[in-house]
Amino acid sequence: MELYELTIHELHGRLRKREVSSVEATKACLARIASVEPRINAFITVTADEALQAAEAADRRIAAGEIDLLTGIPVALKDIFLTKGVRTTCASRILQDYIPPYDATSWLKLKERGAILVGKLNQDEFAMGSSCESSAFGATKNPWNLECIPGGSSGGSAACIGAREATAALGTDTGGSIRQPASHCGCVGLKPTYGRVSRYGVIAYASSLDQVGPVTRDVTDCAIVLGAVAGHDPRDSTSVERPVPDYRAALIPEARGLKIGLPREYFIPGLDRDVKTAMDAAIAAFSGLGAEFVEISLPHTDYAVAAYYLIATAEASSNLARYDGVRFGHRASEAAGLIDMFMKSRAEGFGTEVKRRIMLGTYALSSGYYDAYYLKAQKVRTLIMHDFLKAFETVDAILTPVAPTPAFRIGEKTSDPLQMYLSDIFTIPVNLAGTCAMSVPAGISGSGLPIGLQLIGRPFGEETIIRAAYAFEQATEWHKRKAHL
Amino acid sequence: MKYQPVIGLEVHVQLLTNTKIFCGCSTRFGAPPNSQTCPVCLGLPGALPVLNKKVVEYAIRAGLATNCGIAPRSVFARKNYFYPDLPKGYQISQYELPICQNGHLDIEGEWGTKRIGITRIHMEEDAGKLVHADVPGLGNGSGVDLNRACTPLLEVVSEPDLRSADEAVAYLKKLHQIVVYLGICDGNMEEGSFRCDANVSVMPVGSDRFGTRAEIKNVNSFRFVKQAIEYEIERQIDLNEEGGKVIQETRLFDPASGMTRSMRGKEEAHDYRYFPDPDLVPLIISNDWVEDVRLSLPELPDLKMRRYQEELGLPPYDAEVLTASRELAEYFESCIAVYPQVKPVANWVMGEVTRALNDTGLAITVCPVPPLRLADLLALIDKGVISGKIAKTVFDEMWKSGKEPMAIVEEQGLVQVSDTGEIEAIIDGIMAANQGQVAEFRGGKEKVFGFFVGQVMRASRGKANPAVVNELLMKKLKG
Chain A
1 MELYELTIHE
11 LHGRLRKREV
21 SSVEATKACL
31 ARIASVEPRI
41 NAFITVTADE
51 ALQAAEAADR
61 RIAAGEIDLL
71 TGIPVALKDI
81 FLTKGVRTTC
91 ASRILQDYIP
101 PYDATSWLKL
111 KERGAILVGK
121 LNQDEFAMGS
131 SCESSAFGAT
141 KNPWNLECIP
151 GGSSGGSAAC
161 IGAREATAAL
171 GTDTGGSIRQ
181 PASHCGCVGL
191 KPTYGRVSRY
201 GVIAYASSLD
211 QVGPVTRDVT
221 DCAIVLGAVA
231 GHDPRDSTSV
241 ERPVPDYRAA
251 LIPEARGLKI
261 GLPREYFIPG
271 LDRDVKTAMD
281 AAIAAFSGLG
291 AEFVEISLPH
301 TDYAVAAYYL
311 IATAEASSNL
321 ARYDGVRFGH
331 RASEAAGLID
341 MFMKSRAEGF
351 GTEVKRRIML
361 GTYALSSGYY
371 DAYYLKAQKV
381 RTLIMHDFLK
391 AFETVDAILT
401 PVAPTPAFRI
411 GEKTSDPLQM
421 YLSDIFTIPV
431 NLAGTCAMSV
441 PAGISGSGLP
451 IGLQLIGRPF
461 GEETIIRAAY
471 AFEQATEWHK
481 RKAHL
Chain B
486 MKYQPVIGLE
496 VHVQLLTNTK
506 IFCGCSTRFG
516 APPNSQTCPV
526 CLGLPGALPV
536 LNKKVVEYAI
546 RAGLATNCGI
556 APRSVFARKN
566 YFYPDLPKGY
576 QISQYELPIC
586 QNGHLDIEGE
596 WGTKRIGITR
606 IHMEEDAGKL
616 VHADVPGLGN
626 GSGVDLNRAC
636 TPLLEVVSEP
646 DLRSADEAVA
656 YLKKLHQIVV
666 YLGICDGNME
676 EGSFRCDANV
686 SVMPVGSDRF
696 GTRAEIKNVN
706 SFRFVKQAIE
716 YEIERQIDLN
726 EEGGKVIQET
736 RLFDPASGMT
746 RSMRGKEEAH
756 DYRYFPDPDL
766 VPLIISNDWV
776 EDVRLSLPEL
786 PDLKMRRYQE
796 ELGLPPYDAE
806 VLTASRELAE
816 YFESCIAVYP
826 QVKPVANWVM
836 GEVTRALNDT
846 GLAITVCPVP
856 PLRLADLLAL
866 IDKGVISGKI
876 AKTVFDEMWK
886 SGKEPMAIVE
896 EQGLVQVSDT
906 GEIEAIIDGI
916 MAANQGQVAE
926 FRGGKEKVFG
936 FFVGQVMRAS
946 RGKANPAVVN
956 ELLMKKLKG
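Quick note, the sequences are listed as chains A and B, same order. Position 195, counted from 1, in the first sequence is what the numbering used here calls 195; the numbers after and before it change by one each time, with no gaps. To get the numbering used here, take the position in the second sequence, counting from 1, and add 485.
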């Protein structure tokens with residue numbers, strides 16, 4: 001097996017036994033990147049020189065006996081994470097040449113443990129999208145079928161892992177942006193409970209929904225990365241002061257007695273046939289492991305997409321106001337005055353989808369509409385959250401599909417934004433409720449595209465879904481399948 | 486038709502915390518541009534606000550001092566608009582749920598005592614500063630200095646209860662005194678620590694419907710506030726009488742002309758699209774915390790003034806002067822704590838001490854004569870060691886040299902002469918040398934007495950005890 005195909009835990013074992021060096025592993029990743037990038041376009045920036053320097057430093061640490069699970073491991077970050085001294089664009093023209101003066105806390109935690117940054121990953125611009133098609137740096141391709149989307153907005157992260165261009169990646173999830181691309185690219189993606197991981201240094205899209213999470217080959221790696229990035233951050237007022245458990249202790253291939261809820265609103269007639277097949281097989285697998293299934297209802301599911309597209313866009317319209325050309329980022333070169341400068345800089349710098357959402361959000365907050373839209377959406381959100389909390393009184397986890405269909409073709413939905421929005425229907429409610437959920441490989445469609453299943457846990461109940469996911473993974477081995485590039 | 490002005494005031498109080506409201510940058514005034522900034526107050530991508538607890542404590546102090554209710558739960562909200570001095574494109578403020586509500590202040594004047602309602606007090610961050618000239622490298626452009634961005638402010642909003650420019654000034658002065666007394670603001674209006682916006686309208690006397698109001702922004706002295714409001718009232722009355730209509734708009738005061746003028750085109754009606762800031766959690770304030778702050782409050786000026794009159798027996802004028810600043814009051818109180826002769830201490834503090842401070846441009850906090858030393862000096866007068874007049878000389882020397890009063894008296898040989906024998910001898914000498922004036926006095930010219938007193942005092946180099954001199958001189962002159 002090639003070095004770039006190893007998981008974190010496999011590579012760590014080799015590093016620890018000095019069978020391989022971090023420099024060797026990093027070089028292997030960089031070579032893989034050079035080889036497949038022309039086809040995949042997962043990276044916006046590759047940091048080859050810095051990566052090799054960091055790998056050398058990691059090897060010195062390892063030689064001195066200082067080795068942690070992440071020391072010397074090549075990782076890549078969605079270009080939404082601020083990396084000090086390394087260009088961070090958020091896939092936008094408006095930040096095309098932006099070099100941040102500080103590191104995101106979550107990246108800093110990985111860096112301090114000796115992780116190696118190999119590059120910054122493509123995404124939908126400002127995390128607004130479900131297909132990675134709205135990047136100013138071109139679309140990323142799905143490694144399983146280059147004519148299909150990898151998913152979004154963390155499309156680069158998922159494609160990178162799917163194509164084995166790095167050992168692990170970080171993404172962000174606001175409405176499904178880790179889980180959906182993970183599902184489409186055959187890897188594991190986790191959205192932790194809101195507040196579990198610091199948002200400091202992550203370019204904000206929707207502040208009350210954004211969360212940082214791992215995109216990895218398998219559930220073990222997911223637990224490792226989550227353990228490394230989770231925890232209270234005094235720089236993030238919304239991060240929670242709650243001790244971080246050892247998530248690896250949940251890696252027990254046991255699902256006996258686990259009560260899993262099946263929400264009737266998610267298993268609608270007309271579900272894509274391949275998705276239904278995969279879900280049925282998953283239910284059978286879990287049953288075989290001794291899990292019990294309970295039909296539950298999440299009655300306000302139908303309102304989730306509408307509520308999300310009001311709340312997220314409202315917060316985004318405000319979060320993106322700072323991109324005004326005054327202090328950093330793109331500033332229009334020909335402007336007749338102040339207002340002209342604001343308008344031209346933003347018109348030139350933002351892509352179409354970003355503009356669309358800023359306008360929607362501004363409208364939802366505007367005088368005369370605030371009560372009917374933004375406020376109402378927040379009230380609906382509370383009801384959706386209560387749906388989940390009530391369900392968790394009787395079940396330990398909830399099983400659903402991740403996406404209504406496998407990955408669609410590039411260009412298929414770009415002319416109909418609403419159609420695109422509706423594809424988030426299974427992932428959005430989790431963000432509104434603020435709880436945790438994981439996407440785990442659960443099948444391959446008839447046309448060779450991966451299909452993931454979603455396991456939703458109660459707030460701060462990551463250990464339960466890690467255990468359930470691990471049990472499923474070990475019993476089915478879907479995570480061992482790989483794209484042929 | 487007779488019109489009545491209606492005025493409401495919004496005051497922005499810059500808080501005296503060491504660091505900004507949402508980040509750890511210094512709030513010190515006067516640093517080089519953009520030298521006190523960080524990703525948070527620069528509004529860089531990915532930065533997040535973290536609330537400064539001291540700011541909340543100061544807000545609670547202000548609320549308690551103005552009789553407001555302190556909200557057990559208050560929320561920060563974003564006020565969205567674009568301007569170069571507003572780095573995030575929104576200001577973090579408070580909207581629907583401010584920290585303080587429903588307070589009041591009492592103002593005294595020719596109207597007697599009047600209660601002015603305070604609608605609310607809320608916390609917010611300040612914007613940066615725009616610089617339009619005199620900055621190297623700017624050329625024709627404007628520069629943005631973000632040192633001030635994110636400085637903590639309290640916005641104090643009054644009810645429209647004020648009915649004249651004088652009432653408005655009285656309210657402002659009262660509020661100013663209170664925030665300085667509380668130690669939450671330095672009150673420096675030139676540096677922008679205390680900024681006032683006035684909402685002015687007029688309505689026919691007897692009407693119950695307020696007229697359209699105009700807002701006069703950023704007037705930075707009490708004198709200008711009075712001028713601006715008076716001008717605006719007249720302008721609006723004239724407009725009404727000519728059949729015109731007052732437009733709701735923002736106006737600026739021009740001190741040179743004494744007029745207000747419209748900021749037409751600069752401030753269109755803004756829809757700020759307020760919504761609760763999702764980067765901050767709701768602020769929960771416990772009763773215990775409020776009580777702790779209440780216990781830590783200094784005695785406020787109104788109470789102090791009343792106590793000086795009722796318990797110490799000082800006249801209203803003295804009470805007002807001595808309580809004008811907390812530091813002066815504390816000086817006075819330290820002195821009477823060891824020398825409980827209230828009126829003499831009051832006279833000396835209002836007199837010699839204040840004169841010397843003004844002459845040397847010093848603040849009472851760095852007064853070279855500490856209150857205990859002043860007490861020593863007054864004790865010497867009391868004991869008859871020196872006269873009141875000599876004491877002033879001693880005081881000046883204490884101020885310059887920092888020495889103790891008794892040491893100065895001894896060094897300069899200023900001990901008062903009260904020995905009757907000694908004084909009689911001097912009087913005899915003076916009378917012998919001025920027999921003409923003795924005759925005049927005995928002839929009925931009583932005014933000549935002053936001449937003899939002067940002569941005796943001069944001969945004794947001011948040291949003769951004046952009471953003894955008067956008594957003996959009167960006896961000897963009358964024969």
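I should point out that these hints are in silico values taken from the structure, not numbers from a laboratory. Errors might be hidden in some of the hints.
Derived Cβ-Cβ restraints for the label pairs, each shown as a range [stated by the list, open to error]:
| hint | chain 1 | residue 1 | chain 2 | residue 2 | range |
| --- | --- | --- | --- | --- | --- |
| 1 | A | E334 | B | L724 | 36 to 44 Å |
| 2 | B | E675 | A | E334 | 56 to 64 Å |
| 3 | B | K539 | A | G288 | 55 to 63 Å |
| 4 | B | K539 | A | A64 | 29 to 37 Å |
Selected chain B positions facing chain A (Cβ under 10 Å, derived; list incomplete) [said to hold, decoys possible]:
| hint | residue |
| --- | --- |
| 5 | V525 |
| 6 | P534 |
| 7 | V731 |
| 8 | P763 |
Ideal Cβ placement from N, Cα and C applies to all residues, glycine included.
Hints versus structure:
Taking the beta carbon of each, E334/A and L724/B are about 43 Å apart, inside 36 to 44 Å as hinted. One distance hint, 56 to 64 Å for the beta-carbon pair E675/B and E334/A, is violated here, with the actual separation near 40 Å. Range check, K539/B to G288/A: Cβ separation about 60 Å, and the 55 to 63 Å hint holds. About 44 Å separates the C-beta atoms of K539/B and A64/A, a value inconsistent with the hinted range of 29 to 37 Å.
A hinted interface residue such as V525/B counts as satisfied when its beta carbon comes closer than 10 Å to some beta carbon of chain A; here the least separation is about 8 Å, so the hint holds. About 7 Å separates the beta-carbon of P534/B from the nearest beta-carbon of chain A, less than 10 Å, and the hint is met. For V731/B, the shortest C-beta to C-beta distance to chain A is roughly 23 Å, which exceeds 10 Å, and the interface hint is violated. For P763/B, the interface hint holds, the least distance from its beta-carbon to any beta-carbon of chain A being 4 Å, beneath 10 Å.
When each numbered hint is compared with the structure, violations occur for hints 2, 4 and 7.
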